[in-house]
Amino acid sequence: MPHALPAAPTPDQVRQATGTLADLAAYLRTHPPLGDVLPLLVPLLDEDDGVPILLGEALRCTGHLIGRQAEFPMPDTTRQIMESFREASQEFTDWHILHWDVQRLNAQHTGHTAPASGR
Numbered sequence: 001m002p003h004a005l006p007a008a009p010t011p012d013q014v015r016q017a018t019g020t021l022a023d024l025a026a027y028l029r030t031h032p033p034l035g036d037v038l039p040l041l042v043p044l045l046d047e048d049d050g051v052p053i054l055l056g057e058a059l060r061c062t063g064h065l066i067g068r069q070a071e072f073p074m075p076d077t078t079r080q081i082m083e084s085f086r087e088a089s090q091e092f093t094d095w096h097i098l099h100w101d102v103q104r105l106n107a108q109h110t111g112h113t114a115p116a117s118g119r
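Each residue of the sequence shown is one higher than the one before, counting from 1 in the numbering used here.
It is worth saying that the hints were derived from the structure and are not from the lab.
Glycine included, C-beta positions come from ideal geometry on N, C-alpha and C.
Some clues are possibly wrong.
If you anchor each label on the Cβ, the simulated ranges turn out as follows [unchecked claim]:
(1) 77 - 7: 30 to 36 Å
(2) 7 - 64: 15 to 21 Å
(3) 77 - 13: 27 to 33 Å
Generate the whole structure from the sequences, applying the supplied hints.
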């Protein structure tokens with residue numbers, strides 16, 4: 001049985017996600033206790049499905065999509081846009097290493113040993 005394609009999120013759902021990130025940023029500007037912040041950072045920066053990984057994947061897929069749907073011969077402008085999306089995707093994905101920093105900070109804050117990092 002073929003897998004069903006995932007439903008496209010709506011612009012409102014994407015706005016809700018970015019709104020949640022804006023709420024988090026506003027909350028962090030209030031200088032809350034670190035113990036309250038760390039549980040929020042864990043899912044945000046998760047090494048498998050945190051924001052850097054997901055945003056990087058979304059940008060990489062967008063660059064690929066632009067290339068697949070571009071007119072041929074591909075204009076230089078389109079090629080530059082594709083490259084911008086691909087470069088940005090790599091930069092965001094590279095920030096997944098913050099996952100390990102949060103793990104070490106959490107261990108330091110709670111007194112537990114942090115897992116060994118890949119860094």
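These are the hints, each one checked on the structure:
In this structure, residue 77 and residue 7 meet the distance hint of 30 to 36 Å, their C-beta atoms being roughly 32 Å apart. A beta carbon spacing of about 20 Å between residue 7 and residue 64 agrees with the range 15 to 21 Å that was offered as a hint. Taking the beta carbon of each, residue 77 and residue 13 are about 30 Å apart, inside 27 to 33 Å as hinted.
Hint compliance for this structure: every hint is met.
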